[in-house]
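6 protein chains.
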Amino acid sequence: MFSLTVRRHFMIAHSLPREAFGPAQSLHGATFVAEVSFRRRKLNEDAIVLDIGAAGTMIEKVLAGLNYRNLDEHPDFAGKLSTTEALAEYIAQSVAAKLKDDPDGGQLTGIDVTLRENPDAWATYTLDLPAA
Amino acid sequence: MFSLTVRRHFMIAHSLPREAFGPAQSLHGATFVAEVSFRRRKLNEDAIVLDIGAAGTMIEKVLAGLNYRNLDEHPDFAGKLSTTEALAEYIAQSVAAKLKDDPDGGQLTGIDVTLRENPDAWATYTLDLPAA
Amino acid sequence: MFSLTVRRHFMIAHSLPREAFGPAQSLHGATFVAEVSFRRRKLNEDAIVLDIGAAGTMIEKVLAGLNYRNLDEHPDFAGKLSTTEALAEYIAQSVAAKLKDDPDGGQLTGIDVTLRENPDAWATYTLDLPAA
Amino acid sequence: MFSLTVRRHFMIAHSLPREAFGPAQSLHGATFVAEVSFRRRKLNEDAIVLDIGAAGTMIEKVLAGLNYRNLDEHPDFAGKLSTTEALAEYIAQSVAAKLKDDPDGGQLTGIDVTLRENPDAWATYTLDLPAA
Amino acid sequence: MFSLTVRRHFMIAHSLPREAFGPAQSLHGATFVAEVSFRRRKLNEDAIVLDIGAAGTMIEKVLAGLNYRNLDEHPDFAGKLSTTEALAEYIAQSVAAKLKDDPDGGQLTGIDVTLRENPDAWATYTLDLPAA
Amino acid sequence: MFSLTVRRHFMIAHSLPREAFGPAQSLHGATFVAEVSFRRRKLNEDAIVLDIGAAGTMIEKVLAGLNYRNLDEHPDFAGKLSTTEALAEYIAQSVAAKLKDDPDGGQLTGIDVTLRENPDAWATYTLDLPAA
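Chains as they are written, first to last, in my numbering: chain A, 1422 to 1553; chain B, 1422 to 1553; chain C, 1422 to 1553; chain D, 1422 to 1553; chain E, 1422 to 1553; chain F, 1422 to 1553.
Read the hints as simulated data drawn from the structure, not as lab findings.
Among the hints, erroneous ones may be present.
Identical chains share a label here; the pair holds if one copy fits it or two copies do between them.
The calculated lysine to aspartate or glutamate pairs, modelled on EDC-like cross-linking and capped at a C-alpha distance of 16 angstroms, are [unchecked claim]:
#, residue 1, residue 2
1, K1463, E1510
2, K1501, E1466
3, K1501, D1467
4, K1521, E1440
5, K1482, D1497
6, K1482, D1523
7, K1519, E1494
8, K1501, E1440
9, K1482, D1522
10, K1482, E1456
11, K1519, E1466
12, K1519, D1533
13, K1519, D1472
14, K1521, D1549
Quantities reported herein were computed from a predicted structural model and do not represent experimental measurements.
Bound-form chain A, shown alone (with noise of 0.2 angstroms):
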């Protein structure tokens, strides 16, 4: 099995308001590295996973849409709470739509998105995707 990851960030403020998350209620903000891997079982013929720059392009569109906000206030995230889970998790099944306008798209069989939220905590979340 084959993957590729490529590694874009984003800087966000966001609150995250439930008693478990203590002083994280308040309005505070975070720098998510975010690195997005991309799983197949064989090579394309140019012997690749998929076209790097490609990659790069759909995640930065993705990425685009949340860098630099306010995810309190962002509509995606209406009455949902941005916690590092729940964004990985939006990162990858957005990552996964724009695949489908990728020639290599139908034969990934999953994504993986790591995000980094600070040097001592981070949070995974793996999609399989139809082809798995």
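Following the hints, complete the assembly by docking chains B, C, D, E and F onto the known chain A.
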């Protein structure tokens, strides 16, 4: 599938008294950086794998039993080799035991512990929990 | 010359309301990783620059005043821009003020604060102390 | 499940002469950082996955065949594209072949090779061994 | 004293045809990670060293002249050795030349370029500017 | 000004038997990652600070005297505290002594040693050489 990872470190002395370990047979030491991951299929009502503060506390309690110790004289390693691999398993099992007191503990499907002993070497132990 | 560096992080929301900041004019946030270095010509009787536990406590006290806050509403930044550079200076000056209570404080010749805002950008402020 | 990972690097020139690779069609190069993981269900009598010194030697022998080379003229890549993904597979297969001489080789269930080509991109090849 | 650092990378082929370089005499390559620091005594009116977007653009323009190239055929290195040290100086001088068009350029006191060629080796060139 | 940095690591046991060190008074250990920088005003005829292979060998010889040792029983630390700061100075002085046999040694203006003891703490010793 989701996972949350929390990183902490501890510093110990030990020896590895078997011929296979060459110079590491003598008393030396290590800074171990522990990355402890908790796996879960679906997030809880707070959109998290488990409380990150609780996770950190569990890990710190386990590592406090090792930190600033000579493992050659540690009762839990009497007659055992404290290799990186064995320490990773020990930490995973010890954290798993503490999970029983956590409200989300029963939903977790696994714990993975990666122990980095230097920039060029690390070991991982993967523990599947009953909910897996 | 010796230096001792201690690393901590904090997570804040803020905006940078000047045309020069482009999309960062809107409310967003950051995880700042702070590396605080203490400089000294000769070590003390314990062969250290200063007590690393005391250093960590001083830094944590300073960062606790920033962590999980919206800096746009922080009194210390009223009418000021909370750029990475300005925050580095603020932290260095705040730690320097706390040094007055440290037995080794009078021997230190400087404090350097590097603030990493994402994997590709960071700023440093270098503060020379009276002993320099 | 246990794994042991050993990290090494090598530096090569190559070109990727297919339209898909854009500017990487021209002769350029890379520092590849290789993280080679060995997987095993149970540890051996020395409480390790395999001898870390032996693992390092096996990896170094494989990488010595690539290091400081122009892969466009390397016989093992004649008529093949030396993409990061293809190199990861090549290294995994080459290390697996060397495992036959290792006393623990028959117990290993897999080899994973992650090749980092720059801070923002890497690829992984996962090889399951007969013992899996 | 303040500094702002921006990080980018580039990938090149080259050879170092002098006996001193041993195996690096043959054509090989490298991923160079460049950390370019801009120094200044006092911040500008926007509380920054210089516009980080402008800094990134200057660096990218300089690195675009090197990226995906064989430095053995690069006119700027004709008859010269493209060692890590020499490349760091070249980048610092090239960025300094571009600073003349930046509104903050005249206030900068120096540029430092650190070039990382692999996890275990890097070089730095320190350039003092006229304002120093 | 130029510098070349080479990174290596070593693993030791030691204790710090003074009240100031709290739990570190007991026998424990550390992985120390050493970054040794060599400074020079102008490059040599090969456009380098010094031969990187020779630099690595010098550092390895110095660290071989520490690696896999209990510093409490090391003759060079008899009656001395092996703090991170003291070890950094020891390594810088030991490497400086070896420079006398290097053809470029007389041109070097300084040696800086940064010793990382864990992800959150490190110390640096700066040694100016006669050519400075």
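Tested hints:
For the identical chains of this complex, K1463 and E1510 are inter-copy neighbours only, at 11 angstroms across copies versus 25 angstroms inside a copy, given an alpha-carbon limit of 16 angstroms. Taking the shortest alpha-carbon separations for K1501 and E1466, only the inter-copy value of 10 angstroms comes in at or below 16 angstroms, while the best intra-copy value is 42 angstroms. With identical chains, the CA atoms of K1501 and D1467 are at most 16 angstroms apart between copies only, with a shortest distance of 9 angstroms across copies and 41 angstroms within one. Proximity of K1521 to E1440 under the C-alpha cut-off of 16 angstroms is found in neither arrangement, the shortest distances being 39 angstroms within a copy and 22 angstroms between copies.
In the homo-oligomer, the alpha carbons of K1482 and D1497 lie at most 16 angstroms apart inside one protomer (15 angstroms), although the nearest pairing across protomers, at 36 angstroms, exceeds that limit. For the identical chains of this complex, K1482 and D1523 are intra-copy neighbours only, at 14 angstroms inside a copy versus 30 angstroms across copies, given an alpha-carbon limit of 16 angstroms. In the homo-oligomer, the alpha carbons of K1519 and E1494 never lie at most 16 angstroms apart, since the shortest distance is 24 angstroms inside one protomer and 38 angstroms across protomers. Proximity of K1501 and E1440 under a CA criterion of 16 angstroms is satisfied intra-copy only: 15 angstroms inside one chain copy versus 32 angstroms between copies.
Taking CA atoms no more than 16 angstroms apart as the test, K1482 paired with D1522 passes inside one copy only; the shortest distance there is 13 angstroms, against 31 angstroms between copies. Taking the closest pair of Cα atoms, K1482 and E1456 come within 16 angstroms of each other only inside a single copy of the chain (15 angstroms); across copies the shortest separation is 26 angstroms, beyond that limit. When the C-alpha separation of K1519 and E1466 is checked against a cutoff of 16 angstroms, the pair qualifies neither within a copy, at 21 angstroms, nor between copies, at 28 angstroms. Taking the shortest Cα distances, K1519 and D1533 sit within 16 angstroms of each other inside one copy (15 angstroms), while across copies they are farther apart (28 angstroms).
In this assembly of identical chains, the alpha carbons of K1519 and D1472 lie at most 16 angstroms apart only when taken from the same copy (13 angstroms versus 32 angstroms across copies). Proximity of K1521 to D1549 under the C-alpha cut-off of 16 angstroms is restricted to the intra-copy arrangement: shortest distance 14 angstroms within a copy versus 30 angstroms between copies.
When each numbered hint is compared with the structure, violations occur for hints 4, 7, 11.
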